[in-house]
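J.: Could you build all of it, start to finish, from the sequences and the hints given here?
The listed protein sequences correspond, in order, to chains A and B. When we follow UniProt numbering, the leftmost residue of the first sequence carries the number 1, and every step to the right adds one. When we follow UniProt numbering, the leftmost residue of the second sequence carries the number 1, and every step to the right adds one.
Hints are computed from structural coordinates only; laboratory data are not their basis. The hints are all genuine.
Below, a list of computed lysine to aspartate or glutamate pairs in the DMTMM-like style, where the Cα atoms sit at most 25 Å apart: (1) B:K62 to A:D157; (2) A:K126 to B:E138; (3) A:K188 to B:D119.
Note that the coordinates shown come from a computational prediction; the quantities given were computed from them, not determined experimentally.
Residues per chain, in single letters:
There are 2 protein chains.
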Amino acid sequence: MPYELYYWPGIQGRGEFVRLALEEAGANYIDRAREPNAEATLIAFLERTDIAHPSFAPPFLKDGQLIVGQTAAILLYLGDRHGLAPKNPERRLWVHQIQLTIADLVGEAHDTHHPLSGDLYYEEQKPEASHRAKWFREERIQKYLDWFETILARNPDGDAHLAGDTLSYADLSLFQVVEGLLYAFPKKTKALLAESPRVSALRLMVARRPRIRAYLESDRRVKFNEHGIFRHYPELDG
Amino acid sequence: MPYELYYWPGIQGRGEFVRLALEEAGANYIDRAREPNAEATLIAFLERTDIAHPSFAPPFLKDGQLIVGQTAAILLYLGDRHGLAPKNPERRLWVHQIQLTIADLVGEAHDTHHPLSGDLYYEEQKPEASHRAKWFREERIQKYLDWFETILARNPDGDAHLAGDTLSYADLSLFQVVEGLLYAFPKKTKALLAESPRVSALRLMVARRPRIRAYLESDRRVKFNEHGIFRHYPELDG
Numbered sequence: 001m002p003y004e005l006y007y008w009p010g011i012q013g014r015g016e017f018v019r020l021a022l023e024e025a026g027a028n029y030i031d032r033a034r035e036p037n038a039e040a041t042l043i044a045f046l047e048r049t050d051i052a053h054p055s056f057a058p059p060f061l062k063d064g065q066l067i068v069g070q071t072a073a074i075l076l077y078l079g080d081r082h083g084l085a086p087k088n089p090e091r092r093l094w095v096h097q098i099q100l101t102i103a104d105l106v107g108e109a110h111d112t113h114h115p116l117s118g119d120l121y122y123e124e125q126k127p128e129a130s131h132r133a134k135w136f137r138e139e140r141i142q143k144y145l146d147w148f149e150t151i152l153a154r155n156p157d158g159d160a161h162l163a164g165d166t167l168s169y170a171d172l173s174l175f176q177v178v179e180g181l182l183y184a185f186p187k188k189t190k191a192l193l194a195e196s197p198r199v200s201a202l203r204l205m206v207a208r209r210p211r212i213r214a215y216l217e218s219d220r221r222v223k224f225n226e227h228g229i230f231r232h233y234p235e236l237d238g
Numbered sequence: 001m002p003y004e005l006y007y008w009p010g011i012q013g014r015g016e017f018v019r020l021a022l023e024e025a026g027a028n029y030i031d032r033a034r035e036p037n038a039e040a041t042l043i044a045f046l047e048r049t050d051i052a053h054p055s056f057a058p059p060f061l062k063d064g065q066l067i068v069g070q071t072a073a074i075l076l077y078l079g080d081r082h083g084l085a086p087k088n089p090e091r092r093l094w095v096h097q098i099q100l101t102i103a104d105l106v107g108e109a110h111d112t113h114h115p116l117s118g119d120l121y122y123e124e125q126k127p128e129a130s131h132r133a134k135w136f137r138e139e140r141i142q143k144y145l146d147w148f149e150t151i152l153a154r155n156p157d158g159d160a161h162l163a164g165d166t167l168s169y170a171d172l173s174l175f176q177v178v179e180g181l182l183y184a185f186p187k188k189t190k191a192l193l194a195e196s197p198r199v200s201a202l203r204l205m206v207a208r209r210p211r212i213r214a215y216l217e218s219d220r221r222v223k224f225n226e227h228g229i230f231r232h233y234p235e236l237d238g
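T.: Put into structure tokens, the structure is as follows:
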């Protein structure tokens, strides 16, 4: 039975981290966000009262009777099933710790354009977004990239992967978050990547994986846009 | 060998979720945040270059040679070792999914007093904090409490615990986040808890656990204050 991925249509968002793992695994899945009436389908699912383990928010993955929400928890589940995480428990936990740190970065990237409220448009909180984005651009991106660079450099199995010497879901997620930062804050991110050779190499390595490349070139990959988490507002790029 | 918990001194913060699990487990641990010169100890640790798996930020837990960071990952580790999580893999993942949702709520609570930048004081972003807190108070707290109430009501093993019929680290964390909300937003949270009988009962149940009660009454429990995540600024309570 195929997996079913539920998420908001029209954007990459947090669902994209799950998609990259499913694509790399060559998994059989139905992307409910890419079907007609996807938003109505999603909302109807969220309103169901017969589900013992409802997710607080999308994305969530359905695997038969099992429903798993929270991006990092979905990847923990898929990582074990598709060889995208180490089997050793301590290394498996380390990959998860990295993923949780990526999730924090994703949350901060979102808040650059919505610092005051998720109920307002960006256009209604532009001065505050400008302030928040400045801090993110000048302090936070670098701090995160430095940490990724450091853990790559310290990986005892080599600096090609975040953990061990094979691909993990955290590598895929780091690729995705760098792509997002390059879209949203191109000037700043390009400058910082020039000083982050290991992160840059990992990004290219992931992009060249045959299944990832095929996915990125397909129309299944929705383009970044100004409805998602990573939005390009030139005035926020400094 | 005792665990060692590293965190910022003087506040409960994210470290408190780990402390509650360690206390409930009756685990042997050294709280490095409660020792003299704790901040210098922490910073020196963060600056070490000989650690293969450095954490991006505190809290982190040292167990012999193993270092685990990210609150939810630490709890995943402790939950398995101390019977604070189900053994069944799908239920274990559900408890973790709940914990990750609690982590999102904690992050949102923090941002009510720091919507623009972590580098500014609250006093330098009061109008923006007022706006962000209004949204949090009027929309977000209720949405989260409704979800906790729903998953308690739908627990097939009864509504006394978030998952199964025994205590998990997620129960402890829900207690902590409700305590924090009651401290920071007492008017709003009391009103909402009056309509959340299951969450209220869980809070009391956890507070009455003998080891938790002993901890809460001890001087190991630092009081909530205006340096932590949950801060009581009356003007933000509406």
